[in-house]
Amino acid sequence: MSDTPAPGTSPDESVRGRTLRVAVVGLGRAGVAHSVMVANLPGCELAAVADPRGSARAGLRGMGFAAPAFPRVERLLEKIQPDALFVCAPQQERARVTRIALESGVPAIVERPLARTLAEAEELVKLAAQRRVLLAVAHPLVFEPLFARVHELVRGGVLGPLRQARSAMFVSRVFAPHPRRGPNRLDPRRVAGGVVAHLASDLLFALVRLLGVPVEVRASWNLIYGAVEDELHGMMTLADGVEVGFDSSWSVPGYAHASTVIELEGREGKLLASDEALELELERPAAGFAAGHSRILEAEFDSPARFDFGGEALWLHDAACLAWVAGGPPPAGEGAAALRAQRVMDALYRSAAAGGRSVPVS
Amino acid sequence: MSRREYPAPRLLLSARALDGASRATRERLLEIQARFHEPESLAVTLVKAVEAGAEGVLSSPSAALRAALAELDRTIPLVAVLPALRPQEYRLLEPGVEPLLARSRRDVGSGWRLVWRGLLRGRVFRAGDFAARVPLLLEAEASRLPRRGLESVVIAAPLTDAALAGGHRVFFESTARFVRGRFRAAAGFETRNPGVLLRRLREWSLRPDFVVGPVNPRGLGMKPSLEETRAELARSAVPLVATEVRASGLCTLAEGAQYARSLGAHGLALDLAETDEVSADLRRLAGEPRE
Numbered sequence: 001m002s003d004t005p006a007p008g009t010s011p012d013e014s015v016r017g018r019t020l021r022v023a024v025v026g027l028g029r030a031g032v033a034h035s036v037m038v039a040n041l042p043g044c045e046l047a048a049v050a051d052p053r054g055s056a057r058a059g060l061r062g063m064g065f066a067a068p069a070f071p072r073v074e075r076l077l078e079k080i081q082p083d084a085l086f087v088c089a090p091q092q093e094r095a096r097v098t099r100i101a102l103e104s105g106v107p108a109i110v111e112r113p114l115a116r117t118l119a120e121a122e123e124l125v126k127l128a129a130q131r132r133v134l135l136a137v138a139h140p141l142v143f144e145p146l147f148a149r150v151h152e153l154v155r156g157g158v159l160g161p162l163r164q165a166r167s168a169m170f171v172s173r174v175f176a177p178h179p180r181r182g183p184n185r186l187d188p189r190r191v192a193g194g195v196v197a198h199l200a201s202d203l204l205f206a207l208v209r210l211l212g213v214p215v216e217v218r219a220s221w222n223l224i225y226g227a228v229e230d231e232l233h234g235m236m237t238l239a240d241g242v243e244v245g246f247d248s249s250w251s252v253p254g255y256a257h258a259s260t261v262i263e264l265e266g267r268e269g270k271l272l273a274s275d276e277a278l279e280l281e282l283e284r285p286a287a288g289f290a291a292g293h294s295r296i297l298e299a300e301f302d303s304p305a306r307f308d309f310g311g312e313a314l315w316l317h318d319a320a321c322l323a324w325v326a327g328g329p330p331p332a333g334e335g336a337a338a339l340r341a342q343r344v345m346d347a348l349y350r351s352a353a354a355g356g357r358s359v360p361v362s
Numbered sequence: 363m364s365r366r367e368y369p370a371p372r373l374l375l376s377a378r379a380l381d382g383a384s385r386a387t388r389e390r391l392l393e394i395q396a397r398f399h400e401p402e403s404l405a406v407t408l409v410k411a412v413e414a415g416a417e418g419v420l421s422s423p424s425a426a427l428r429a430a431l432a433e434l435d436r437t438i439p440l441v442a443v444l445p446a447l448r449p450q451e452y453r454l455l456e457p458g459v460e461p462l463l464a465r466s467r468r469d470v471g472s473g474w475r476l477v478w479r480g481l482l483r484g485r486v487f488r489a490g491d492f493a494a495r496v497p498l499l500l501e502a503e504a505s506r507l508p509r510r511g512l513e514s515v516v517i518a519a520p521l522t523d524a525a526l527a528g529g530h531r532v533f534f535e536s537t538a539r540f541v542r543g544r545f546r547a548a549a550g551f552e553t554r555n556p557g558v559l560l561r562r563l564r565e566w567s568l569r570p571d572f573v574v575g576p577v578n579p580r581g582l583g584m585k586p587s588l589e590e591t592r593a594e595l596a597r598s599a600v601p602l603v604a605t606e607v608r609a610s611g612l613c614t615l616a617e618g619a620q621y622a623r624s625l626g627a628h629g630l631a632l633d634l635a636e637t638d639e640v641s642a643d644l645r646r647l648a649g650e651p652r653e
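Protein chains in written order, with our numbering: chain A, 1 to 362; chain B, 363 to 653.
Chain B is faced by these chain A residues, among others (derived, beta-carbon under 10 angstroms):
#1 29
#2 40
#3 172
#4 259
#5 277
#6 298
Since the hints were derived computationally from the structure, they do not count as laboratory data. Since this is a predicted model, take the numbers as computed values, not measurements. Just so you know, even glycine gets a beta-carbon here, dropped at the ideal spot from N, CA and C.
Using the sequences and the hints, build the whole thing.
Structure, rendered in structure tokens:
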């Protein structure tokens, strides 16, 4: 555990001397990453972990983590009373584990998507509200300093009224040696979907938070390797008629790392944001930017995370969620906000399944 | 690890961009990978680097590197980053050392496989434990190493940082001992968290031969923070070979190198993605006096 907090990003500012005891359920890649973050967040302690697979528990112990490990979440909650629980169980298990946490009064921070089906997600958000237990969904993209700045600028009106928007998230996943395809890898009975549910829902959440919930969507998909989509092309219509393009694929070459682009055009200027830079083309000076073209490289943004295990955003996300648990403000990704993005994802899937016809967002 | 037995490198050419382990932009990485697609072009660059003053090349023993080395009738000193995996391969494997072992087991030859099975079944090799299983992983990865020129073995950042987060002191101690004994080479650890690693090594009184991590005037990648990393560099007895000295292009090579050295970095590793003039830049770095 680190002992020097970064200003404004650490849960222990609100805790006032009390260490947050945090547990993690599900020790796949996301669960291990959250365990690493918790162990390196000032004011936090990895109090326990759970996974039914002995090999996964042994794997985490083998990295040096000494937290008690349990095969079942019920047993964990019986023995340990954590202040918060990261739910990183497989998608088909996620709703059940989250429900158990909420019914036990334990704040839950859930990997995206919140649940395999929209109905389950709705039920969880309702339960959290009824029980007054904190619920958040892991959407780290909006914590990337560059994309956080995009949100500030656009919400601050730097572009004026929006005219159109395009966005994309790509990664070369199926070209890797062990692709997530083939028999039993992505069974639609066990997962919410393919590239959108697993990857691009992060971008979708950022768009919904930035631009609002679209009133209707239409989408098409390509199922190249299996029963879930490898690519999805969507068009979303906002309440004021503005159209927002949304492309996602894990089947394009040349993207070793997930790559995100948001392109916005407003009456007062244009904005292009990617993982590498933020570019603005403004009609007149605004928000500290001169008129004309400005470019800020990703490396120029502050990087306050205190431990790097796959990027800046995860640490900042976990710090914000646990600061909420400790009494701070709600983070981006709190349950109701995440549910709005899941409704849009559900509508995109329904449209694609219906051959691309327009579908209202519930 | 009470005394250092192998000298840490002062100046290296890093080919980590070819492994995809770089902060360079996607366009730049694709450009570099295209430029060195042919083994001959990489081979020529390696020779030029050594002639310009680099003590070796920091790289995983990838197929591309091995093909380039095979083109040459001279030995290029290698600081080998193991296991030889691209970041996207790490991302697709389950976490921990066992999936890496399974992958390596698939890659080794049939004769080896029999020995391997016996080793894995030995009770002493505790499943999942980095300290016990990473030596097996390195043993399997040894088949990728060239017969000559191995100067150092560096544990790749995903493994180093997982063990660092877990506070696995024994892993760092036993792995360094294993590397020195098995490979007769220096033992290093690559990290994305140089200040954190240096602090823990100091607290644990451990001295691997060196660590490899980012140092630059912008503090990019210097976790937990620029100030704390700088303080640890001043206190640490473990040499650090600085990477990413140009901070993704925010400063010049001269500025970055001078800054890293002024903070006490023992050596520099100039990545292919950070230079278009390998010979000239390395020659300049080799000629610059240390502070």
